[in-house]
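Trainee: Here are the chains, one letter per residue:
Protein chains: 2
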Amino acid sequence: MMISTRGRYALRVMLDLAENGQNGYVPMKEVAQRQELSLKYIERIMPALVKEGLVEGVHGKGGGYRLVKRPEEYTVGDILRISEGDLSPVSCLVSGAPPCNRAESCKTLPMWKKLYGMVNGFFDSITLKDLLDI
Amino acid sequence: MMISTRGRYALRVMLDLAENGQNGYVPMKEVAQRQELSLKYIERIMPALVKEGLVEGVHGKGGGYRLVKRPEEYTVGDILRISEGDLSPVSCLVSGAPPCNRAESCKTLPMWKKLYGMVNGFFDSITLKDLLDI
DNA sequence: CTTTTACCTACCAAACAGGTTGGTTAAATT
DNA sequence: AATTTAACCAACCTGTTTGGTAGGTAAAAG
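In order, the protein sequences belong to chains X and L.
Per my numbering, residue 2 is the first one in the first sequence, and the count goes up by one each step.
Per my numbering, residue 2 is the first one in the second sequence, and the count goes up by one each step.
Any given hint could be a false lead.
One copy or any two copies: either way a pair holds, since identical chains are not told apart in the list.
[To be verified] Computed cross-link-like contacts, DSSO-like style, restricted to lysine-lysine with a CA-CA straight-line distance of at most 27 Å:
{"#": "1", "residue 1": "Lys30", "residue 2": "Lys115"}
{"#": "2", "residue 1": "Lys108", "residue 2": "Lys70"}
{"#": "3", "residue 1": "Lys52", "residue 2": "Lys108"}
{"#": "4", "residue 1": "Lys30", "residue 2": "Lys52"}
{"#": "5", "residue 1": "Lys62", "residue 2": "Lys108"}
{"#": "6", "residue 1": "Lys130", "residue 2": "Lys108"}
It is worth saying that the hints were derived from the structure and are not from the lab.
Work the whole structure out from these sequences, hints included.
Mentor: What follows is the structure, given as C-alpha cells:
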C-alpha cells in the first residue's frame, strides 16, 4: 500500500525526461547518473510506462526514452498508479480484494473510502509541469 | 507505510470498547467474537494502547480493557500512530529515516510533505465518537 | 485453588521491497 | 559484417514486514 521506491523513482525519471528530453531520446544511463539511481532497477520500472503509453522507448545508439505528451498532460496520479498499482491506503479497498462480509456494518469503511478519494484527488491534481516549476 | 491490519484492528477494538464498555471492563474474548478477529492477535496489539495511556487493562475475572477517556476525546490519528507507527506515505518522511542528501533539490519532496500533512490532519480531525455516529 | 483474563516471548510462513545477474533483441555506427 | 549502444526480459536473492500462532506466566476474583 502507498508509495514505495518504484513509484517515487518512476516520477523522478519522468521529471528528468521532461527536463532533459527537448532534443529526442534520453538514455537511462544518463538519467541513472543524474538521479543517482540504479540503472538496472530503472530498466525494470520503465516497460510498464511504455505499455501504458506514457513514454516511448527506442533501442540502440541515439535511443532511450521520451515523453509522448507535454509535461502538463501527465498527472502524478497516472504515473503512480501505473508504477505502484492501486493507491489505496488500506487493503480492503484495493481493486480485486476479496469482498469483506462486514462491509455493510463497518464503522470505519466510510473513513477509508474518504481518504482514498482524497489521496487520488490530490495526486490527480498535480501534473509533471507543476513539479518542474517548484 | 500506511494502514495495515494492526491499525485497523486497534481502531475496531477501540470502537467496540466505546460501544460496549458502559459498565466496566470488556474482555477481549468478547471483542474478538463480535469483531471476528483472532483473540491472540488482539492480545498482541493491546499492550501498546495501555502503555500510551489510551486504555486500562485489568487481569482476572471481571477484568478486560476499558477506555480511560470519553470517545470524543480520542482521535483516529492517535490510535493509528500508536498501533501502526508513523503515518507517512513515503519512507523519506518517516521520523528517524536516514537524511536524503538530495532533499534540498528534490522536486517531489514538497508534494510528499503536503500529502503527509493532509493525511495526519484528516485522521486527527476524526474522533471515536464521530465513527460511532455513522 | 481454580477460573478468568491480561500479558509476554518465541516462533513461523508468506508476501513484499529493493534490488542484482546475466542475458537477448533492436537500432545505429564503423 | 562487426561493434556498440541501449531497451527489454527472466530469474534469482536478501532482508524486512505482515499477520499471525503456540505456549506459556502473572494477577485478580470467586
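Trainee: Could you run down the list of hints and mark each one as holding or not?
Mentor: Right, here's what the structure says about each hint:
1. Lys30 with Lys115: Neither: 41 Å inside a copy, 31 Å across copies.
2. Lys108 with Lys70: Cα proximity of Lys108 and Lys70: across copies only (20 Å, versus 43 Å in one copy).
3. Lys52 with Lys108: Intra 39 Å, inter 25 Å, cutoff 27 Å: inter-copy only.
4. Lys30 with Lys52: within (21 Å within a copy, 50 Å between copies)
5. Lys62 with Lys108: neither (58 Å within a copy, 29 Å between copies)
6. Lys130 with Lys108: between (39 Å within a copy, 11 Å between copies)
In this structure, the earlier hints numbered 1, 5 are contradicted, and the remaining ones agree with it.
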